[in-house]
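Asks: Turn these sequences into a full structure, and let the hints steer you where they fit.
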Amino acid sequence: MSEFVLHDKLAADTISLGQSRLCEVRLMNDSHFPWVLLVPRVSSVREIYELSKEQQHRLTEESSLLGEGMMKAFGGDKFNVAALGNMVPQLHVHHIVRFEGDDAWPGPVWGKVAPVPYEDNELEAIKARLAPIIESLK
Numbered sequence: 009m010s011e012f013v014l015h016d017k018l019a020a021d022t023i024s025l026g027q028s029r030l031c032e033v034r035l036m037n038d039s040h041f042p043w044v045l046l047v048p049r050v051s052s053v054r055e056i057y058e059l060s061k062e063q064q065h066r067l068t069e070e071s072s073l074l075g076e077g078m079m080k081a082f083g084g085d086k087f088n089v090a091a092l093g094n095m096v097p098q099l100h101v102h103h104i105v106r107f108e109g110d111d112a113w114p115g116p117v118w119g120k121v122a123p124v125p126y127e128d129n130e131l132e133a134i135k136a137r138l139a140p141i142i143e144s145l146k
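In the working numbering, the protein residues as written are 9 to 146.
What the hints contain is simulated information worked out from the structure, not anything from laboratory work.
Backbone N, C-alpha and C fix where the C-beta goes; we use that ideal spot for every residue, glycine too.
Heads up, a few of these hints could be off.
Restraint-style ranges between C-beta atoms, simulated for each label pair [as the list claims (entries may be wrong)]:
id	residue 1	residue 2	range
1	N94	L73	20 to 28 Å
2	N88	P125	16 to 24 Å
3	K135	A20	14 to 22 Å
With a straight-line cut-off of 35 Å between C-alpha atoms, the simulated DSBU-like cross-links for lysine-lysine are [what the hints assert, rightly or not]:
id	residue 1	residue 2
4	K17	K146
5	K80	K135
6	K146	K61
7	K120	K80
8	K17	K86
9	K146	K86
10	K135	K120
11	K17	K120
12	K61	K135
13	K61	K80
14	K120	K86
15	K17	K80
16	K146	K80
17	K86	K135
Replies: Right under this line is the structure:
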């Protein structure tokens, strides 16, 4: 069995927030939205059904905990969860807090606005808000 390696595109577009029991936890480097990805640390997996039943349950649990925590932390109007994989085949699940009137509302975030990377102070602030949520996934 081969070792897990994070896809180059995910590594380039995101910032590590650490690890949960199952996943790499990554912050999308786009200050428009609180946007976190869960990437199961399982090699050569493209789809959720390719995970073992135990891993599927763990991913669902981590996704739900992350969603609840992010909505409490950021007070959004809607929470979006998606596992598209059209551009990056490695299984990864997007978790995005949405606000009525945000730059892409009410449409999807993909392709609506150019990403704006976090400034250093913004990055530290969002990491601090997310830290207890990420800790709850361990």
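Asks: All hints are to be evaluated individually against the structure, with a verdict given for each.
Replies: Now the hints, each set against the structure:
no., hint, result
1, N94 to L73: 20 to 28 Å, "holds, 26 Å"
2, N88 to P125: 16 to 24 Å, "holds, 21 Å"
3, K135 to A20: 14 to 22 Å, "holds, 19 Å"
4, K17 to K146, "holds, 25 Å"
5, K80 to K135, "holds, 15 Å"
6, K146 to K61, "holds, 19 Å"
7, K120 to K80, "holds, 25 Å"
8, K17 to K86, "holds, 27 Å"
9, K146 to K86, "holds, 25 Å"
10, K135 to K120, "holds, 24 Å"
11, K17 to K120, "holds, 19 Å"
12, K61 to K135, "holds, 31 Å"
13, K61 to K80, "holds, 29 Å"
14, K120 to K86, "holds, 17 Å"
15, K17 to K80, "holds, 29 Å"
16, K146 to K80, "holds, 19 Å"
17, K86 to K135, "holds, 21 Å"
Going through the hint list in order, the structure satisfies each hint without exception.
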